[in-house]
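Student: Quick note, the sequences are listed as chains A and B, same order.
If you use this note's numbering, the first sequence corresponds to residues 1 to 445, in order.
If you use this note's numbering, the second sequence corresponds to residues 1 to 384, in order.
Treat each hint with caution, since some may be false.
To be verified - In silico lysine-lysine, PhoX-like type, Cα no more than 20 Å apart, as pairs: (1) B:LYS272 / A:LYS425; (2) A:LYS339 / A:LYS152; (3) A:LYS152 / A:LYS340; (4) B:LYS290 / A:LYS97; (5) B:LYS290 / B:LYS272.
Don't read these hints as lab results, they were simulated from the structure.
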Amino acid sequence: MLSSTRPTGRSRRLAAATAGIASLTLALTACGSGSDDGSGSDAESASGEISLTVATFNNFGYTDELLARYEAENPGVTVEHVTAARSEDARTNLTTKLAAGGEGLADIEAIEVDWLPELTQYPDLFTDLSDPELEGRWLDWKVEQATTPDGKLIGYGTDIGPEAICYRADLFEAAGLPSDREEVAELLGGADATWEDYFEVGRQFVESSDSAWFDGATPTYQGMINQVMDAYEDPATGEPKDLASNTVVKDLYDQVVQAAVTDGLSAGLEQWGGDWDAAFQNDGFATMLCPAWMTGPIEERAGGVDGWDVADVFPGGGGNWGGSFLTVPASGAHTEEAKKLAAWLTAPAQQIAAFESAGTFPSQLEAQASEQVQSFTNGFFSDAPVGKIFSARAQAIEGAPFKGPNYFSIHQSVQNALLRVDVTKEQDAEAAWQGALEEFASLGL
Amino acid sequence: MAVLSPTQPAPARGRPPGRAPRRVGFSQRLGRWDVKLSPYLYISPFFVLFAVTGLFPLVYTAFVSVHQWNLLGGQGEFVGLQNYADVLDQPIFWRSLVNTVSIFVLSSVPQVLLAITIAALLDQNLRAATFWRMGVLVPYIVAPVAVSMIFGRMFADQYGLVNGLIGIVGIDPVGWHSDRLASHVAIATIVNYRWTGYNALIFLAAMQAVPRELYEAAVIDGAGRVRQFFSVTVPQIRATIIFVVITSTIGGLQIFDEVRMYDAAGLGGPSKNWMTTVLYLYDVAWGNQKNFGRAAAVAWILFVLIIAIGMINFLLTRRISTSGPSTPKVGRRHTRALLERARAAGSATTTPPAAGPAPGAGAPPSGGARAGAARAGTTPEEDR
Numbered sequence: 001m002l003s004s005t006r007p008t009g010r011s012r013r014l015a016a017a018t019a020g021i022a023s024l025t026l027a028l029t030a031c032g033s034g035s036d037d038g039s040g041s042d043a044e045s046a047s048g049e050i051s052l053t054v055a056t057f058n059n060f061g062y063t064d065e066l067l068a069r070y071e072a073e074n075p076g077v078t079v080e081h082v083t084a085a086r087s088e089d090a091r092t093n094l095t096t097k098l099a100a101g102g103e104g105l106a107d108i109e110a111i112e113v114d115w116l117p118e119l120t121q122y123p124d125l126f127t128d129l130s131d132p133e134l135e136g137r138w139l140d141w142k143v144e145q146a147t148t149p150d151g152k153l154i155g156y157g158t159d160i161g162p163e164a165i166c167y168r169a170d171l172f173e174a175a176g177l178p179s180d181r182e183e184v185a186e187l188l189g190g191a192d193a194t195w196e197d198y199f200e201v202g203r204q205f206v207e208s209s210d211s212a213w214f215d216g217a218t219p220t221y222q223g224m225i226n227q228v229m230d231a232y233e234d235p236a237t238g239e240p241k242d243l244a245s246n247t248v249v250k251d252l253y254d255q256v257v258q259a260a261v262t263d264g265l266s267a268g269l270e271q272w273g274g275d276w277d278a279a280f281q282n283d284g285f286a287t288m289l290c291p292a293w294m295t296g297p298i299e300e301r302a303g304g305v306d307g308w309d310v311a312d313v314f315p316g317g318g319g320n321w322g323g324s325f326l327t328v329p330a331s332g333a334h335t336e337e338a339k340k341l342a343a344w345l346t347a348p349a350q351q352i353a354a355f356e357s358a359g360t361f362p363s364q365l366e367a368q369a370s371e372q373v374q375s376f377t378n379g380f381f382s383d384a385p386v387g388k389i390f391s392a393r394a395q396a397i398e399g400a401p402f403k404g405p406n407y408f409s410i411h412q413s414v415q416n417a418l419l420r421v422d423v424t425k426e427q428d429a430e431a432a433w434q435g436a437l438e439e440f441a442s443l444g445l
Numbered sequence: 001m002a003v004l005s006p007t008q009p010a011p012a013r014g015r016p017p018g019r020a021p022r023r024v025g026f027s028q029r030l031g032r033w034d035v036k037l038s039p040y041l042y043i044s045p046f047f048v049l050f051a052v053t054g055l056f057p058l059v060y061t062a063f064v065s066v067h068q069w070n071l072l073g074g075q076g077e078f079v080g081l082q083n084y085a086d087v088l089d090q091p092i093f094w095r096s097l098v099n100t101v102s103i104f105v106l107s108s109v110p111q112v113l114l115a116i117t118i119a120a121l122l123d124q125n126l127r128a129a130t131f132w133r134m135g136v137l138v139p140y141i142v143a144p145v146a147v148s149m150i151f152g153r154m155f156a157d158q159y160g161l162v163n164g165l166i167g168i169v170g171i172d173p174v175g176w177h178s179d180r181l182a183s184h185v186a187i188a189t190i191v192n193y194r195w196t197g198y199n200a201l202i203f204l205a206a207m208q209a210v211p212r213e214l215y216e217a218a219v220i221d222g223a224g225r226v227r228q229f230f231s232v233t234v235p236q237i238r239a240t241i242i243f244v245v246i247t248s249t250i251g252g253l254q255i256f257d258e259v260r261m262y263d264a265a266g267l268g269g270p271s272k273n274w275m276t277t278v279l280y281l282y283d284v285a286w287g288n289q290k291n292f293g294r295a296a297a298v299a300w301i302l303f304v305l306i307i308a309i310g311m312i313n314f315l316l317t318r319r320i321s322t323s324g325p326s327t328p329k330v331g332r333r334h335t336r337a338l339l340e341r342a343r344a345a346g347s348a349t350t351t352p353p354a355a356g357p358a359p360g361a362g363a364p365p366s367g368g369a370r371a372g373a374a375r376a377g378t379t380p381e382e383d384r
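Make a model of the complete structure from these sequences and hints.
Tutor: Here it is as structure tokens:
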């Protein structure tokens, strides 16, 4: 068709070529969309045995032995565990299959707290998990996060992310600061530490060190905004606030830009990027905000670097970052059994086992108080008693901020502004803020 | 087919004469159907599959694009062309379009030129030719995500390998993730790394099919290597060049893996400096907006755009790779003359042409003309 040597009219040839290109476009486009994992479910055998699939991501700490124990206690049930490498993959998988009517979903789907604003808009897609027997198992705010406005509970809490400060004791010492974890906690302000305390110590530190104080402006801002209960939206109505007149957000923005860029405390890194990974091996920064689950990623990247430690302190009171839930999609074939398994997996005993295996800090009160968690230490962080420290940090958390359907869109526009100032350095603070306002306006809220 | 079908009526001759005419008529008709329809039947599996996996999604996407459609909530109200208007109204869409075209130009143009050069080198008499030929394909078999992750780290701003290397020769570090053009160059490098060898092999296959006599004739005429390349090789592989340019246009306008894996967030950076249109589509559909209606509208706009740019490329490539502007004209005139001559010859020897172009009678002259045209089109020397 494309050789175009046939003695026909020009227009016809053009039409043929158009058709050829169009079909080629289609054929090649069709190749682009691949199908993914077969998280198949409910293979039911003749003897009435059922098979339950649990889909998680990263590392939930649900070992094969743990699941085998459930199979032993519940004859006739086999549990299959599928894991996605990244939570983003799991999220795409979940939302796409929910959109397709639930076909191919696992019986139990793990979700992150950040996905809840959009999922709670469609509570009918999930089984109501509320159970009077389980009342008081979790922290109150953890249960509230997964409760829909009409009182349905769509997820059982697994872990939470109480935040402490992780720091490099060797860099502190080299800069002439105290390096012992109790002294550092005191240095940063102790029980009533403020962000200004944290930044002030940073200014002293960077004067006598080549390293930066913290990794980047965006994670620091993330820690600050997570302490504002109604950051971008009105909790009563769910309506987004106008960003231009949101003085709370603007003040935090100014404060973090002042510390990160003007005072030079930031290493100018974006979390999870290649530079961020490399900075752990290059003494890029001395401290970072550190939710319990962050100890794992730090150890992964900073292997061979001595001196990491955890201080039992967090600026501005307590703070929570992240945490997950187990949900039971309503389309599953065995929702009752799945609910039972989800309740078992999130029971204190199992969550303690998960904590010991993967470092996911339990959201269950009983698990937090348990001997195993309280006495848990982390060898990589100079044998810091992380169980005790993160329990104390969890108690300092006053509640969970309100995050409505537009939270992450608005948050993204502010984060992008900070990245432009701090990481790519293509704009100054005011121009970047104007950019955030434009981005907010284009959301059309 | 054409050979088989006339034999079918033969056995009917032995049958009783009363039924013979009808039988013959039917089987003749069958035979004609066979000739006419069979080829289409044989290629139909592709088109049936294509209708299911290509055409249906296309039409359904058009259906989605005129509705309000949330990823989780599903179909909403009919909104007509509102989604298209919304998309065209978004500055990010236009920014993504500029990025896409910029990355496409930065990748496709050097890619095709480099591939054709490599192919010309591989077409020479080399020792261990298969080794070199396979060697250029190695980047292609590496998973695109892996390539992108590795290159993303190499092009890191602070601790990246590339900035480290150019630092040795005294060049200031380049902001691969902060400067818009630099990020496009980096992403184009990833694309080129992967696709140049692949295209080179396609060109090589076409070059191997060029008759060696043409080169011999060119050498006798005193043409050097470069002249041989431009006057013999390039015109001879014109159809392949068109094919490669169009496929790389389609691929280039749909760049996704490379930009998605280029940084941590995978959404084109804080200023959307390297957000391509496909990435924008992904963000609209699966990002914070979850708006399938708008995403479907983006998909359709992109589809139309790719056809348009593909057409422009098709016309441009035809011009560039024919050796002179007057050649196609001469070729066509020549073709027509050949056709006339063949018709005249046909009408003189065989049955009157007034009976109309019966399939059997019409075929030989047109076939001859086609062969003549093919020769006229591809070897312009003959015309002069």
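Student: It remains to establish, for every hint, whether it holds in the given structure.
Tutor: Hint-by-hint comparison with the structure:
Under the criterion of a C-alpha separation no larger than 20 Å, the hint pairing B:LYS272 with A:LYS425 is consistent with the structure, at around 14 Å. Taken as a hint, the A:LYS339 and A:LYS152 pair is honoured in the structure, with Cα atoms around 14 Å apart against an allowance of 20 Å. Of the pairs offered as hints, the one joining A:LYS152 and A:LYS340 holds, with about 17 Å between alpha carbons and a cut-off of 20 Å not exceeded. With a C-alpha separation of about 14 Å, the suggested pair B:LYS290 and A:LYS97 falls inside the 20 Å cut-off, and the hint holds.
Between B:LYS290 and B:LYS272 the CA atoms are separated by roughly 18 Å; this keeps the pair inside 20 Å, and the hint holds.
Every hint, counting from the list given before, is met by this structure.
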